[in-house]
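Peer 1: For reference, the chains in residue letters:
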Amino acid sequence: MAGDKVARTGNEAMAEAMRQINPDVVAAYPITPATEVAQLFSQFVADGKVDTEFVTVESEHSAMSACIGASAGGARAMTATASQGLALMNEMLHIASGLRLPIVMPEVNRALSAPINIHGDHSDTMASKDTGWIQINCENSQEAYDSIIQAVKICEHPDVLLPAMVSDDGFIISHCMEVIHMLSDDEAKKFIGEYKPERFLLDVDRPYTLGALDLQDYYFEHKRQEIEAMNKASKVIVEVGKEFGKKFGREYGLFEEYRMDGAELVILVMGSTAGTTKTVVRELRKNGIKAGLLKLRIFRPFPFKELSDALRGAKALAVMDRSDAFNSFGGPLFEDVRSSLYDLEKKPLITNYIYGLGGRDIGLDAIKGVYDDLKKMTETGKVEQVVNYLGVRE
Amino acid sequence: MAEIKKKGWKELAHGDVLEAGTAAEFETGNWRSERPVRDMNKCISCLICWINCPDSAVILKDGKMTEEFDLKFCKGCGICAKVCPPKIQAIKMVPEKKSGK
Amino acid sequence: MAELLEIRWHGRGGQGAKTVALLFGEAALATGKYIQAFPEYGPERMGAPVQSFNRLCDDEITRHCQVTSPKIVVVLDETLIGQVDVTEGLQEDGSIIVNTTLSPGEMKDKLGLKSQKVYTVNASKIATECIKLDKPNTPMMGALVKVSDFLKLDGVIRDTEHKLKKKFAHKPEVIGGNLDSIKRAYEEVRGE
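Residue numbers (my numbering), protein chains in the order written: chain A, 1 to 394; chain B, 1 to 101; chain C, 1 to 192.
Calculated directly from the structure, the hints in this document are not laboratory data.
Glycine residues also receive a C-beta, built at the ideal position from the N, C-alpha and C atoms.
A couple of the hints might just be wrong.
Here are the simulated DSS-like pairs of lysine-lysine, each with C-alpha atoms no more than 30 Å apart in a straight line [what the hints assert, rightly or not]:
1. A:K49 x C:K125
2. C:K165 x C:K114
3. A:K223 x B:K6
4. C:K163 x A:K49
Each pair of labels, with its calculated beta carbon distance range [stated by the list, open to error]:
5. A:G363 x C:Q83: 21 to 29 Å
6. B:E11 x A:V204: 38 to 46 Å
7. B:E11 x A:E91: 24 to 32 Å
8. A:F326 x C:D85: 30 to 38 Å
9. C:L102 x A:E379: 51 to 59 Å
10. A:V45 x C:D154: 35 to 43 Å
11. A:V45 x B:E25: 42 to 50 Å
12. B:K64 x A:L213: 48 to 56 Å
13. A:A212 x B:N41: 39 to 47 Å
14. C:A48 x A:R282: 31 to 39 Å
15. C:Q83 x A:I116: 40 to 48 Å
What the simulated footprint calls covered on chain A by chain C, stretch by stretch (three residues with Cβ under 8 Å from a Cβ of chain C suffice, anywhere in the stretch; the number is not a length) [as the list claims (entries may be wrong)]:
16. 271-281
17. 368-375
When you get a sec, could you build the whole thing from the sequences and use the hints?
Peer 2: What follows is the structure in C-alpha cells.
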C-alpha cells in the first residue's frame with residue numbers, strides 16, 4: 001500500500017516522481033514556475049541519487065530536441081517546462097509525437113505572454129493541444145506525482161508510443177505545499193518496469209532509418225496510425241489508472257465524477273479549480289441542491305463518448321475554461337465538450353465561463369455564482385449568454 | 001518495372017521507420033542521361049571516385065579500380081569525373097544516347 | 001479542529017514569511033493534520049511587503065483559492081501596519097499576533113479592532129538574543145502555537161529541529177537559537 005505521507009509542493013512532487021522514474025536522459029531549461037522541477041532533479045543527479053545523464057541545453061527547443069534524440073536512441077527521456085518554454089518547444093513537440101517517442105514531460109501551467117505574466121492559466125497547454133501529445137491535467141500535487149509515474153507506463157505501452165505532458169497549475173499547485181502520499185522507490189520502479197523499446201536507433205543488430213522524408217504517398221498513413229494510437233491511449237490510460245488504484249489505493253480514469261449521482265447542475269473543469277469546486281459542491285449538496293462536478297483529467301485524447309455518457313443526466317452544464325480560444329465560439333474545452341454532446345437526444349443546457357486568466361483567483365463565491373446561474377437556466381429553460389467572462393472587471 | 005503495392009496504415013510498421021539497406025532495392029540507374037567512362041591507361045587507382053560515389057556504383061577488384069561501373073545504380077551524377085584529380089582526368093561523362101548499346 | 005483553519009502571514013521580503021509558513025505546515029502535518037502552505041508571489045524584493053498562507057484541517061483540503069478571511073493573522077514586522085491592511089478580511093472572532101514592543105491593548109487601539117483578539121510579543125528582541133539576527137519568523141511561530149492552541153509545543157519543537165537540521169546542515173550553530181526563540185515567544189506572548 002501507500003508509502004510515506006509527506007509535505008511537498010507541486011514542483012517537489014514532480015521532481016520526486018522523476019527521481020523514482022530514474023530516466024536515462026533529462027534535458028531541460030529553466031522557466032518559471034517549472035524551474036524547480038529540473039533544478040531539484042539536477043540536485044538528485046549531483047547527489048548520485050539517479051543514474052541520469054543530465055543535459056543542460058540553451059533553450060526549450062533544444063531540450064525537446066535532445067529528448068527526441070535520446071528517446072529515438074532507446075533511452076527513457078524526460079524534460080520539464082512551462083508557458084513560453086512549451087511554446088518555444090512547439091515545433092519539436094510535433095516531431096516527438098510523429099516519431100512515436102514516449103517522452104514524459106512534467107509541465108506547469110502558466111499564462112502565455114504578452115502581457116508578461118508568470119501565473120497559472122491553461123493557455124500554454126491549450127496552445128499545444130493538437131501536437132499529438134497526451135495531456136493529463138492534475139488537480140493537486142498528489143495527482144501530479146501519481147500521473148507522472150503512470151504516464152511513463154501509458155506512453156511506453158506498445159499500443160500507444162506517444163509522448164505525454166502532465167500539467168498542474170502554476171504557483172497555485174506548483175508552489176503550494178500540501179500533503180501527498182508517495183510510493184516507495186521500489187514500488188515506483190516495479191510499477192513502471194524496465195523500458196524495453198521494440199525498435200531503437202542504437203540497436204546495431206537491427207539498423208533502421210527514422211524520420212525520413214514522407215510525402216504524399218505515405219505521410220497520411222503514418223498520421224492515421226498516430227490518430228489510432230491516440231484512440232487506443234484512452235483504454236491504456238484507464239487500465240494503468242485502475243492498476244495504480246489496485247496497487248496503491250488511488251484509482252484514476254479519464255475524468256473524475258464528483259457527486260454526480262443525480263446531479264442536475266454540473267460544472268466541468270480541469271486543474272486546481274476542480275478542488276475548489278468540490279468544496280462548493282459539498283456545501284450545496286448539504287442544502288439539498290443537486291450540484292455535481294465533472295473534473296476532466298485527460299484532455300488529449302479527448303474522451304468524447306465517455307463524457308457524453310456521464311453528462312446524460314445533467315440539466316444544465318457550465319464548462320469552465322482557464323484560457324480563451326480568441327474568436328472561436330468559447331474556450332477550447334467548451335468547443336470539445338459541446339461537440340461531444342451534439343449527438344445526445346436530450347442535451348443539457350450548456351454555457352461557458354472563461355475564468356482565471358493570468359492566475360486571477362477564483363474563489364468559492366464565484367463558483368457558487370456559476371451554480372446559481374445554472375439553476376436559473378433550468379428554471380427558465382434558456383441560456384441567456386453562452387460565453388461568459390468570470391471575474392473580469394467590466 | 002512492376003508497380004509496388006503501397007501498404008495501408010494498418011499494415012505499415014508504426015511510425016516513419018525505414019529498414020536499413022533499402023537503397024539496394026531502389027535502382028537509380030534509370031535516372032541516368034550520362035554515363036561515366038574510365039580510361040584505364042590514365043587511372044592510378046587512387047580510389048577517390050570510389051569514396052565519393054553516392055550510389056556505390058564504382059567497382060573495385062582486389063583493391064584496384066576496374067573499368068566497369070554498376071549501371072543498375074549509377075544515376076550519372078558525374079561526381080566521379082569531378083573528383084578525379086585534375087592531373088589525371090581518367091573519367092569522362094558521355095551522353096547515354098551516343099554511347100547507347 | 002473539524003473546521004478549516006486559515007492563517008495569513010505578513011512580513012517583508014527576507015524576513016522568512018514563506019519559510020515559516022512551510023515550517024508551521026510541516027509541524028502540523030506531523031500531528032496528522034491536512035495542511036497547505038503557500039506564499040503570494042509577486043515582484044520579490046528584499047524589504048517589500050509579502051504574504052504567505054496556511055490552511056489546516058482534519059479532513060482533506062480540496063480548495064485552492066486564495067485565503068481571503070483568515071482566522072489568524074501573524075505580522076512579522078509592525079512597520080507594515082499603515083502600509084498594508086493587515087486586518088483585511090480577519091474574521092470577527094479571529095486573532096492577530098504582532099511582533100512589537102507595544103502591549104496588546106495599545107496595539108488593539110492602533111489597529112482599531114473591536115471584536116478580534118490582539119496578541120503581541122517582542123519577537124525581534126527574542127530573535128536578536130537567541131539567534132543573534134533579527135529574524136522574527138521562528139519566534140512568531142512559537143507565539144502562533146500558543147495562540148492557535150491546537151499543536152503541542154513539544155511536537156513543534158521536535159519537528160522543527162528535524163527540519164532545521166536538514167535546512168542548516170552547513171550552519172548547525174543557528175538551530176539551538178531558533179528552537180529557543182520558539183519556546184521564549186510561546187511563553188512571552190500576551191493577549192487581550
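Peer 1: Decide, hint by hint, whether the structure agrees.
Peer 2: Hint-by-hint comparison with the structure:
With a CA separation close to 42 Å, the supplied pair K49 of chain A and K125 of chain C exceeds the 30 Å bound. Among the hinted pairs, K165 of chain C with K114 of chain C is inconsistent with the structure: their alpha-carbon atoms are about 42 Å apart, more than 30 Å. A threshold of 30 Å between alpha carbons decides the hint, and for K223 of chain A with K6 of chain B the separation of about 15 Å falls inside it, so the pair holds. The suggested pairing of K163 of chain C with K49 of chain A holds, with an alpha-carbon distance near 20 Å, which does not exceed 30 Å.
Hint check: G363 of chain A to Q83 of chain C, Cβ distance near 25 Å, so the stated range 21 to 29 Å holds. Checked against the hint of 38 to 46 Å, the C-beta distance between E11 of chain B and V204 of chain A comes to roughly 27 Å, which is inconsistent with it. A beta carbon spacing of about 30 Å between E11 of chain B and E91 of chain A agrees with the range 24 to 32 Å that was offered as a hint. At about 37 Å, the beta-carbon gap between F326 of chain A and D85 of chain C stays in the expected band of 30 to 38 Å.
At about 55 Å, the beta-carbon gap between L102 of chain C and E379 of chain A stays in the expected band of 51 to 59 Å. For the pair V45 of chain A and D154 of chain C, the supplied restraint of 35 to 43 Å holds, since their beta-carbon distance comes to about 38 Å. Range check, V45 of chain A to E25 of chain B: Cβ separation about 45 Å, and the 42 to 50 Å hint holds. Against the hinted window of 48 to 56 Å, the Cβ-Cβ separation of K64 of chain B and L213 of chain A comes to about 37 Å, which falls outside the hint.
For the pair A212 of chain A and N41 of chain B, the supplied restraint of 39 to 47 Å holds, since their beta-carbon distance comes to about 42 Å. Taking the beta carbon of each, A48 of chain C and R282 of chain A are about 37 Å apart, inside 31 to 39 Å as hinted. The hinted range of 40 to 48 Å is not satisfied by Q83 of chain C and I116 of chain A, whose Cβ atoms lie roughly 26 Å apart. Residues of the stretch 271-281 of chain A lying with their CB closer than 8 Å to a CB of chain C number 6, which satisfies the three-residue condition for coverage.
With 0 residues having a beta carbon nearer than 8 Å to a beta carbon of chain C, the stretch 368-375 of chain A misses the requirement of three or more and the stated coverage is violated.
Taken one by one, the earlier hints fail for this structure at numbers 1, 2, 6, 12, 15 and 17, listed in ascending order.
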